[in-house]
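Line by line, the protein sequences are chains A and V.
Counting from 1, position 162 in the first sequence corresponds to residue 162 in the numbering used here; the numbering is continuous, with no gaps.
Start counting at 1 in the second sequence, then tack on 1000, and there's your number in the numbering used here.
A portion of the hints provided could be inaccurate.
What the hints assert, rightly or not - What follows is a set of in silico ranges between Cβ atoms, one per label pair, in the way DEER data are often shown:
no., chain 1, residue 1, chain 2, residue 2, range
1, V, Phe1248, A, Val93, 40 to 46 angstroms
2, A, Asp41, V, Pro1021, 50 to 56 angstroms
3, A, Ser355, V, Lys1103, 27 to 33 angstroms
Stated by the list, open to error - Calculated pairs, BS3-like style, for lysine-lysine (alpha carbon to alpha carbon, straight line, at most 25 angstroms):
no., chain 1, residue 1, chain 2, residue 2
4, V, Lys1075, V, Lys1135
5, A, Lys32, A, Lys9
6, V, Lys1243, V, Lys1259
7, V, Lys1075, A, Lys248
8, A, Lys248, V, Lys1112
9, V, Lys1131, A, Lys283
10, A, Lys9, A, Lys116
11, A, Lys248, V, Lys1262
12, A, Lys32, A, Lys131
13, V, Lys1135, A, Lys283
14, A, Lys248, V, Lys1259
15, V, Lys1262, V, Lys1243
16, V, Lys1075, V, Lys1117
17, A, Lys116, A, Lys97
18, A, Lys248, V, Lys1131
19, A, Lys248, V, Lys1103
20, A, Lys97, A, Lys131
21, A, Lys248, A, Lys221
If you are wondering where the hints come from, they were derived from the structure by calculation, not from laboratory data.
Just so you know, even glycine gets a beta-carbon here, dropped at the ideal spot from N, CA and C.
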Amino acid sequence: MSLLQELQKQCALFGPSGYENEVREYLQKELKNAGYNPHTDALGNLFVEVGNPDSPFTLLIEAHMDEVGMMITEIEESGLLRFGCVGGIDPRVLCGKRVTVRGKDKHSLLGVIASKPIHLQSKEERQRVTKADAMYIDLGFTSHEEAEEWLDIGDFATFESAFEVYGEPAVKIKAKAIDDRLGCAIMLRALLSLKEKNISLPYRLVMSFGVREEVGFSGAKPMTFRVRPTHAIVLESTAIADLADVPKPSRVADQGNGGALSLADNGTIYDRSMIAFAEHTAKEQSIPVQVKRYVSGGNNAKHIQQSVGGAKVLALSAPTRYLHSAACVADLRDCEAMEHLIWEMIMHFSTYLESEV
Amino acid sequence: MLYDTLKALCRLSGVSGSESPVAAYIQKEISPYVDEVSTDAMGNLIAHKKGNGAKVMFSAHMDEIGFIVNYIDEKGMIHFSPIGGINLRAALYSRVVFQSGVKGILVSETGKADDPKYATCYVDIGAYSQKEAEKRVSIGDTFHLVGDVQSLSSRVWAGRPLDDRVGCAILIEAAKALPENVENDLYFVFSSQEEVGCRGAKTAAFTIMPDFGFALDVTATGDVPGANPMSVCQGKGAAIKVKDSSLFCYPPLVAAMHKLAKEQKIAHQTEVLPAGGTDASAIQLAGAGAYAGGISIPSRFIHTGVETVDRRDVLACVELTKALATADLFALCGISK
């Protein structure tokens, strides 16, 4: 199976923050089939540990299983559902979108997000952005009672969006949840390759599939306490602002130039030796890679870097357009370059450690 | 001697995340006076003077606010983002220097200086093209304002980055002046990345797990025209912290600090800082927690290129640090071990 196929499979999974179990179950099954014995903790983080458990060095590679979504907060008399956003979603990308609600007994209920139509809006309403609390999810129910048979307050929803590849050449991937199933897909495939090639690593390598990254209450904190890494690589997606009306100095990265290495963001100033390791490895293997130019965003690296006695952290992100929407767009060439680079970094990590000392 | 150390420290470049030149200097200075010096993944420098008593951690941060390069345009101009709480207006039309030594000037797009924004400011390093500029500066390089420390009078010193190299200088001086054997198990932490959220102190405190912890950092004053109402005055002694926006100091420890200062005739005053945080908060919350306090150096015009301190306050802070390092803090605070 190719990276593209694996990504397609994982993007289709339902996993808003706090409801990662379906993603976790999928990963657990795949890992067990490959002969791994993955662990979970109380929050639902999933770990796989390989390599030499007695090594003083632990490399943690981390991605998060959760995606942005919605939670049902109220069932109206009419059977329409009020909702709140889980994670940061621009309200402008909500209206008119298809969603799936995971109802009672895990029933999938298809619906749409709607709001007061434009011809009924006052002049003021037309001029401002309609907020999420003025929208509703329509699942086709006609009464409160009817809706209650199928779902409950607190049930989750995600965007319902086909996985499509477009462009000439056909390299643009459009899907929901690329952030951060791409990271999960790369990690899973690396683990399968390690098993298949029967590679034993001289250091301790932990792959962690995290929970609740999108809501800030990150599973990365307790995860880091458990793993106690000395070094870590966070696989992520980053917004890139590479569009026509953004001045060049404010553009974050360019699609097609490889994964983006963060120098600094709102949560972390990254370790320069790890950045040099990534750049050196990319150069040696002729893998495209770029630096994320703008100080923006943030991810689990913040918690990993500062927890316990500290770790040297790196973030490698897929430059992604329209992040946190139903139609995130990544570039297949970047995804493949990231996968290649991570593999080579796993293979050459011991060499890096020697040069570091 | 203290002034020489301070001047040397302030000449070094150490924007948050790039503190290694400062760490290297301090390591050399303090090594003869402690038992062990180590570093960690965050870039903290931890000097350990071993003892059998309470574990006491003092923290001063090595990093300073500054800027990071995020784009070099076709004209060879450098575009940047802030690291830490920069006052862009105060930085405008100033000389800057990169950690590599490259010099530049921080300027604004013509006609936009009244309302400076990061999108309209840039650094001119005297290059005429992107290619020329890229030979000297790379994306990710850090830089800061130029402003060597100078004496304004026999008492007042001005320059950058007194926040918080003055704290570092105080810890070095105190470590040098302590007797060879001290009962307390002392850790002098020169922390990284304080200006972006006390990040280094968190990991250092976790590694050390101290019983008591003190931050040595500058505090604002209420003694200049237009200042927010605040009791701290420059020149009136070491400021003993009661609270800032990141923590409440442990009250019996605050009382003990006052008592020690009074007994040893160290000039002191009480500090309540309405806005701003220190490493003390990170120490207080590490692991199962620590008794935390703060020794603050009153400073005017913080986060500009012309921060000031009073020599007498700095010396009082050295004395108070020494007093705390040698005191039985458990007994003073009435804590049974």
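Against the structure shown, which of the earlier numbered hints fail to hold, in ascending order?
Hints 2, 10, 11, 12, 14, 21 are the ones this structure does not satisfy, whereas the remaining hints hold.
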